[in-house]
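Enquirer: Chain by chain, the residues:
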Amino acid sequence: LSEAATPPPPVEGDPEAYAPSVAKRMAFYQRAGGIVTPFLTAVFAFLMGGIVVGATGHNPLRVYKAIFEGAGLNWFLHFGNYHIDLPFTNHHIWFWWDTSTNHTAAYNLTQTLLTTTPLILTGLAVAFAFRCGLFNIGGQGQYLVGAIVGVFVGSRFVDMAHIPHVALAIVLAALAGALWGAIAGFLKATVGAHEVITTIMLNWVAYWGGSYLFGRDGPLQNHTDKSIPISDDIADGAKLSAIWGNAQLQALHSGIFFGLAALFVFYIILNRTTLGYEVRAVGFNPEAARYGGISVGRNFIVAMAISGLFAGLAGGLDILGWQFRLGVLDVQVSNIGFIGIAVALLGRNTAVGVGFAALLFGGLLTGTSTRSLDPEIFPPQLAGNLALMIQALVLLFVGADLLILYIWQARRKMRLPGAAKAAEKAA
Amino acid sequence: MSNLGYARVREHYLTEATIGRVGVAIGLAAFVVALPPFRANAVWVPVFVGLLAIAVGIWVLSRGMRRPGWTAIGFGIVGIGLGVLATRASTGNLDQVVVWSALLSATLVWATPLTFAAIGGMFSERSGVVNIGLEGMMLAGAFFAALGADKFGHWWMGLVSAGLAGAAFAAVHAFMAIQLRADQIVSGTAINFLALGVTGYFFIDIYGENGTPGDMPRIPDVDIGFLGSVFGHLNLMIWVSFLLLIIAHVTLFRTPIGLRIRSVGEHPRAADTVGISVYATRYAAVILSGALAALGGAYLSIGYLGSFSENMTAGRGFIALAAVIFGNWRPFGAFGAALLFGGSTALSFRLAQPWGNASVLFQALPYVLTLIAVTGVIGRAIPPAAVGRPYVKQ
Chain S
1 LSEAATPPPP VEGDPEAYAP SVAKRMAFYQ RAGGIVTPFL TAVFAFLMGG
51 IVVGATGHNP LRVYKAIFEG AGLNWFLHFG NYHIDLPFTN HHIWFWWDTS
101 TNHTAAYNLT QTLLTTTPLI LTGLAVAFAF RCGLFNIGGQ GQYLVGAIVG
151 VFVGSRFVDM AHIPHVALAI VLAALAGALW GAIAGFLKAT VGAHEVITTI
201 MLNWVAYWGG SYLFGRDGPL QNHTDKSIPI SDDIADGAKL SAIWGNAQLQ
251 ALHSGIFFGL AALFVFYIIL NRTTLGYEVR AVGFNPEAAR YGGISVGRNF
301 IVAMAISGLF AGLAGGLDIL GWQFRLGVLD VQVSNIGFIG IAVALLGRNT
351 AVGVGFAALL FGGLLTGTST RSLDPEIFPP QLAGNLALMI QALVLLFVGA
401 DLLILYIWQA RRKMRLPGAA KAAEKAA
Chain F
1 MSNLGYARVR EHYLTEATIG RVGVAIGLAA FVVALPPFRA NAVWVPVFVG
51 LLAIAVGIWV LSRGMRRPGW TAIGFGIVGI GLGVLATRAS TGNLDQVVVW
101 SALLSATLVW ATPLTFAAIG GMFSERSGVV NIGLEGMMLA GAFFAALGAD
151 KFGHWWMGLV SAGLAGAAFA AVHAFMAIQL RADQIVSGTA INFLALGVTG
201 YFFIDIYGEN GTPGDMPRIP DVDIGFLGSV FGHLNLMIWV SFLLLIIAHV
251 TLFRTPIGLR IRSVGEHPRA ADTVGISVYA TRYAAVILSG ALAALGGAYL
301 SIGYLGSFSE NMTAGRGFIA LAAVIFGNWR PFGAFGAALL FGGSTALSFR
351 LAQPWGNASV LFQALPYVLT LIAVTGVIGR AIPPAAVGRP YVKQ
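These protein sequences, in sequence, are chains S and F. According to this note's numbering, the first sequence is numbered sequentially starting from 1. According to this note's numbering, the second sequence is numbered sequentially starting from 1.
What you were told as hints is all true, and nothing was included just to trick you.
To spell it out: a stretch of chain S is covered by chain F in this simulated footprint if at least three of its residues, at any positions, have a beta carbon under 8 angstroms from a beta carbon of chain F; those stretches are:
no.	region
1	190 to 203
2	206 to 218
3	380 to 393
Ranges of calculated distance between the beta carbons of each label pair, as one might list FRET restraints:
no.	chain 1	residue 1	chain 2	residue 2	range
4	S	Val333	F	Val47	39 to 47 angstroms
5	S	Phe68	F	Ile247	46 to 54 angstroms
6	F	Phe38	S	Asn285	54 to 62 angstroms
7	S	Arg62	F	Phe349	40 to 48 angstroms
8	S	Arg298	F	Tyr279	36 to 44 angstroms
9	F	Ser101	S	Thr190	38 to 46 angstroms
10	F	Phe349	S	Phe68	43 to 51 angstroms
11	F	Val47	S	Arg298	38 to 46 angstroms
12	F	Gln179	S	Phe284	19 to 27 angstroms
13	S	Glu376	F	Phe231	53 to 61 angstroms
14	F	Ile247	S	Thr190	32 to 40 angstroms
15	F	Tyr279	S	Trp96	52 to 60 angstroms
Please keep in mind that the hints were generated in silico from the structure rather than gathered at the bench. C-beta: ideal position from N, C-alpha, C; glycine also.
With the rest of the complex left out, here is chain F (with noise of 0.2 angstroms):
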């Protein structure tokens, strides 16, 4: 990459993808301009600028580019749509939903969970084994801090039962999906109600019906004055995303380790052939997404709410899932697809001041969304090659 020649860069940065990506902006900006701070309160505002991003999208459409082209066509239209809604909507619910700082935090906090779990799905994937399971170890992970912070009194003691939960719950799909060849589905499954079982089980056990104690250690924010409301005071969990994210990206995509996980999800014979361990690839690539989906889990419960509930994870194992496919496989896809799940989720509950009810559709929104994603309509998903299939030693 590094010796390019500036006609290479050109050709690489300044691509009909990349201008797709432009008209997704314009599409965001027809629905931003409606809101505060700008508050543009004729409706031909988000409309022009709307179609600004549908032409910015059908230009690179006639270029050939079908995902970026109905990207951008869609972002415009829907920025439309919001944004006329928005110049319609009383400026006193405008102000009272869209409080940047509250609604950018709150997505954070939501996303941050799933990627945890999005990335370590994904690792678990791109070495060829499907990882439904992923709401469980997420589960296994809330309940295992919990009970880490609150026996042993300290917050990393229950990140590390946490993510050694999480392994364990992993290490059993790892043992079914690669060594006895089980399905995959079948077996992700059995770790759902597994988890499910185990932690109710425990937490009944042990906490009975008085729950979690609400002195339980818990996961610190991390204050940095100068960075502003927002990022000024986000839980150590969340820089610790960031930085997982970074990480993800470098080791599978430059790293000798990421093609040997990458080789094995894609073509497990050729990596054989060459002498990479399958089974050893695969083992620790499952193993890491459980621990990982804990650590999603952990920030759960002892991160953002302090406390254990029965089932807290509410299919968010399943948004995570969502998250790797939207995402494409890859980190910063997946990291993506976490900040706008989160991020439905965040507006989810905003929302439910004064559209009521109707705000709970929001949550639906990632499942959707990611029903378009794998039907191909905007660009299609495309799985890692073995993704799903066991492999047989020669």
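So that you can see chain S by itself, here it is in the shape it has in the complex (with noise of 0.2 angstroms):
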């Protein structure tokens, strides 16, 4: 039987021949001067998001407007004479900006801030396996898996003290996110299952297996109405403290500092460890990487792990710094671990980078929401596809370098005859 013949082994010893090597491109990115592709990315994506409101009656200029409105950035255009509390005392001194919430410019940029905390960690989940050659597309089901052991850590040992309870809550959160990442991992090291495969399987499971724990009658509904497939509400002590803004409200929560620590981790694992060099010399070439005696599978696992670390993180501050609680609803709407994708690939998988394209996305999602975008100007439903197609096209623009690269040789080809021709002119 023609069909049933195994395939022949891949073309080997002519890596170029099949796509150019990833040590080319980063080299390329570099060249560009590292910054410029993003940025020139990111405002092609919104250039054609624009183009397609404008398609459909509405003003491109007043709808990008109102989305940084929403999104509180305008905050930082106002400058005056303001005070901020010194933390643990009782003094205040002088600030730039005037912090009060009661403004919607500082609400609105509270709500950035807190939807830009699990896009660094989610971000960064996509690209410390993206370190290590790996595409971490189960980000959502770490994150979900994260949420849900927080949700349930956080509901449970009510008696805990504040700090060692968060603690709980948190680490066990993490953990599981790594777990789930370290069964992708571990499938690649030991029987060569494709990642991408098995991270989207484990997306659905999570997602499914949330959707059971939380349903009616679900192991982990609540206790109170078993009319609503959510879980019950963590424990007052298991929330983390609000930093800006007020509780009752959705307040900025701590966790922030958690994603900002996470970024410089991520640097530092990566640049300044052992585990990072390892982890890099796998990414660029895990061929050369096995000559030089390093352990390839064991860097899968551990990069996947690590990246699972940093979802679960994601989900578990999720749950203890705003949502408090989980529905089904919630387990099947969210996308906030596919975002990290966009976050990660926009932010070319470095940490600066991700802190970065993790805050537009934070402001772009929290701009383009029912609570904070003026529905006067453009309503919402339409503002969050918006925000889907922007994303996408961030992708596409991402992935679409190579255009970027001929368009970038092709310009210096043309400007070569050109500088050829003005020398013999000036001869």
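Two independent chains are provided; combine them into the complex using the hints.
Expert: Next up, the structure:
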């Protein structure tokens, strides 16, 4: 039977024949200035989103202005003579901006930062695996598992003190995410199952698992109203403290420090430790790394576990910081983990890049949300889909780096003859 | 194949693999004997039949065939488990859940969109391009089918618009993956988001809060009375999916076109050397996959439900992707997987009555099975050799 023939081994010894290597592409990003391509990518994506908005009879400039204001970014534009309180004291000091969240701009900004926190972490979850040459599409599943464990630990052990309870919930949520990620790494390392396939499958297992756990008569459904498919509320002692805004109105919580710390940790692990060196070596060229004595399989598992750790942490922080409970609907509509892919790719899988990309997408999500966007200017339901389109376009343009490479080279070629002619004339 | 001798036929058709399949069938029977209309009440009946399946599996294993052996053993164990559960269940519940005709037609309903998308995905992957964007292409098909059917007033115009929309999204993916040699996973993910955003945006913009109109033209059912209650009233698209299955199988394995597609996916350099255009073949395969996935989506919106809602495919494109892998990149394999996965969805809905919420766990079955399939415990799923790798002409 002809179709049953074993496939021939892939052509070896000619890697460039298939695609430009990772190293070559990385070199290109550096050459283009590091920041230029991501910036252009985002600009093009917003531009094309604006065309769609314009084509459907809205004014793109007004819409983007409304989204900008919905994200609270205009807060930075209002300088003045204000104060902020010094933590742990009764003193306050002079400050450039008004931090009172009674104003819409400041409130919207707290919401943007609130969304930025998990996006940083799910972005890092994708970025870390990427640096090891793995595509972790499973950020969503790892995030959900983290959230599920977070809500479980947070709603049990009611008698625990504040700090240990929060610490326990966060640690277990992160570990659960790490475990979920490590499954894919383990399967890749042992049987060679492609991580894209396994992480997609694990995403949906987490999705339906969550739908079961919090659904009607599910094991983790709340004890008060059995008609609502939602978990118990977490204990007050397990809630992260609010650092900016009114805790009753979804204030910015201290989880953002974990997000910022994770950026730092990501950078340190990758660039200043042996582990990070090995991970990057495997990412550049697994065969060379193996030849150099690095255990490629072990690095796959570790990289996926660390990736999952970031995403699980994101899930735990969202629960402990502002959601406080998890319902079937939350499980099913959440897509923070998927947006992490766009965050990581736009941020070129670096710590600084992921931080800024997370802020951009956090602003975009908040700015287009029903709560923040002015419905007089643009219906929020449309805006939510606009945000999805912009995300998709960012991903497409990130993938189209070769196009930019072509244009870049074509431009240089065009300039070179021109320069030669100019030199002739001068002579 | 035609001039094979009797010995070759025997070798091909009475293999351990075939006997393993018989073992699988016996394993299934262990469950079936406990269901209506047989309704074996004694626990020993399913246990006995299941043990028989396990014995067959062990025999096949002992002959060195891992995959069919383990599959038969697995089915035997699952058959015993489910069979024993069924003998313990109250007859009332059983009669309610296990209405074979209803279960079968529901299975066909849920399997059909998967079949379209899975066969599409199979063509794309066989040509060497990973298509994670099936979900998005399906969703695009669902929306543009509704839009086309509503605006032009004919269900077939809906199908045409769906096919074109799916092909357009697939063309973007193809351009990215083939021409620009972009990461195919990134590009496919982008397609999923793009389709979600575009369909959601235009759905809200055109239909707003009211949703698609209720009197939208729908793909008709085919009434063939003498075929009985299940096959007598199937939707046209279900019959088309059967036809598609056969065409896909013949095309892929019995025609020069299929040989080209497979060679481009296994060894593009060799294919290029003998004068096959790798790019053109891949473009065609990917665009075809988009159109087929979109037809699957069209069946959901204007065939089965008669309406469109945001993100209505809800992961079915990924189940189709799983079916491609579970079916080992073969049309009949993919169709079998689609039936299995469609059946688990159908069962999940039917079990909602007696089991309540726990029945949603059946929705996770396709993903768990695929995870097991790719780990190679029960035989390894082997993808085309060059899948996911861009090709550069020399």
